[in-house]
Amino acid sequence: MLVFKGLARAFLIYAGQVALLSFETWGTILKGRVRLRLTLQQIAEIGYGSQLVVIVTGAFTGAVFTAQAYFQFASLNMETAVGPVVTLAMFRELGPTLTGLMVAGRVGAAMSATIGTMKVTQQIDALRALAVNPVDYLVVPRAVAMYLSMPLLVIECVGCGVLAAYLVAVKVMNVEAAYFVANMIKFTDASDIAMSLIKGFFFAGIIVFISCREGLHAKDGAVGVGRATTKSVVVCSLLILISNFFLTMFLNILFPAGQR
Amino acid sequence: MDALLSVRDLHTAIGSQQILRGFSLDVAPGETMVLLGRSGGGKSVFLRHLIGLMKPQKGEIFFEGRDIVPLGERALEPVRRKIGMLFQDGALFDSLDVFDNVAFPLRERGLRDEAEIRRKVAESLALVNMSGHDSKMPVNLSGGMRKRVALARAIVSVPQVILYDEPTAGLDPIVSDSINHLIRRLQRQLHVTSIVVTHDMASCFHVADRVALLSNGSRYFLGTPADLRAETDPVVRDFVEGRSRPEDPGAGA
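Going down the list, the protein sequences come from chains B and R. Going by this note's numbering, the first residue of the first sequence is number 660, and it counts up by one from there. Going by this note's numbering, the first residue of the second sequence is number 108, and it counts up by one from there.
Keep in mind that the hints were calculated from the coordinates and are not lab data. Treat the hints with caution; some may be incorrect.
Calculated cross-link-like contacts (lysine to aspartate or glutamate; reagent style DMTMM-like; alpha-carbon spacing at most 20 Å) [stated by the list, open to error]:
#	chain 1	residue 1	chain 2	residue 2
1	B	K890	B	D879
2	B	K690	R	D201
3	R	K162	B	E738
4	R	K165	R	E215
5	R	K189	B	D784
6	B	K878	R	E171
7	R	K243	R	E230
8	R	K189	R	D201
9	B	K878	R	E215
10	B	K690	R	D207
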């Protein structure tokens, strides 16, 4: 019972810290006090720097999913269903989730490590001593860049997945191109794109606030920075996977699947 | 004269260790106060309280007559703009080169004229004998050079008060002497109020208007450098003359 109480308390403190950090960040964003140069640097780091992982993840997920779907559907003479199945899966689930996981691993870890190193080497104290708020200087540019980049990265991942699906289905598996495309368009609509973008936006918040919270609370030197980095990737990944389920259930009320 | 900085009955602890136990100190405008004390005795912790980087368990810190202890992060910013701090290890921003580190406070305070920024940065770097190192990254500087760049960053916006945490530690005697002269010059020419934490007795006697000795978390001695030289109390004498006692770790071995 005592252990449970301790865990519940630790969880509430952690959730409170992340919530306060996000309120403070949004407060600064809404007041328009965003450092443009730092934000552009972060967009380059997050958006441009994530191109390879996002393209490879999207393309090979789309390709392998298409191959598996084809093997199953071919026995039922439903090869042309591969297009909509893969496209819907990429838009609604795989694109946002896999992009979130990849960005959490690449960008979230870097955020925690950078801010954590600044924390343990007193650079954050130096910022505060120079009357510069660390949240405004470090977290706000990262948050704005992440909120702008993540939905675009998700769409890019989905696009690569769909393109790879087309190539594998049409060029390798000899599915009729016209049927593939026609079925894909018939069973996919704007609500699927909206779902993808909303999830990307939501996961952006998880990654940036968890990673920055971990960095800002790093202690105990290099070991502490390593610990903060690992924890940020683990917590972000778990939260993305868990919240994805609840988001899917909620968004399915707004954008019901199978109503086409 | 009214004190610019007035500390009353400051108590603070880190974890279970009580660091300050009712420390009080007044610093007059334009004065250079040297704070002496043993390593781990709470001198740096005291400095961090003066700029709001740490909050005490109890006590008050008045700056220009206003208690800064209850102020939050954002409310402290106007106070911090008037106070510069030299950190013990420099705390330079390692993603910025020397020039951008020193220019940082100017840019953050809204100075946009690049020619003016260049002039002020060059002036500050010259004061600490670091001209010509503008484009170096902090990782490529020695410990002493990092400290001098950090000092240039602390003085570039000419704050009303400068807090020096071990300004001469790790520096060669010649550079140490130039730092001591710089502290004096800032006081004479710009009437900067300084609080200098140090173990370096030569530096202490060179720069101090008054000296305070922190022992066991409270103020053990306060006086002028002449008073310090004349003091006969054994604790003060041991510190000034650098003598260990039998109960000190490693002493008498």
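Okay, the hints, checked on the actual structure:
1. Restraint check for K890/B and D879/B: the C-alpha separation of about 15 Å stays at or below 20 Å, so the hint holds.
2. For the suggested pair K690/B and D201/R, the alpha carbons sit about 29 Å apart, so the restraint of at most 20 Å is broken.
3. Between K162/R and E738/B the CA atoms are separated by roughly 68 Å; this puts the pair beyond 20 Å, and the hint is violated.
4. Between the alpha carbons of K165/R and E215/R the distance comes to roughly 32 Å, so the proposed pair goes past 20 Å and is violated.
5. About 16 Å separates the Cα atoms of K189/R and D784/B, which keeps this hinted pair within 20 Å; it holds.
6. About 34 Å separates the Cα atoms of K878/B and E171/R, which puts this hinted pair outside 20 Å; it is violated.
7. For the hint linking K243/R to E230/R, the alpha-carbon distance of about 17 Å falls within 20 Å, and the restraint holds.
8. With a CA separation close to 24 Å, the supplied pair K189/R and D201/R exceeds the 20 Å bound.
9. Simply put, K878/B and E215/R have alpha-carbon atoms about 27 Å apart, too far for the 20 Å limit, and the pair is violated.
10. Between K690/B and D207/R, the direct Cα distance comes to roughly 27 Å. Violation of the 20 Å bound is thereby established for this hinted pair.
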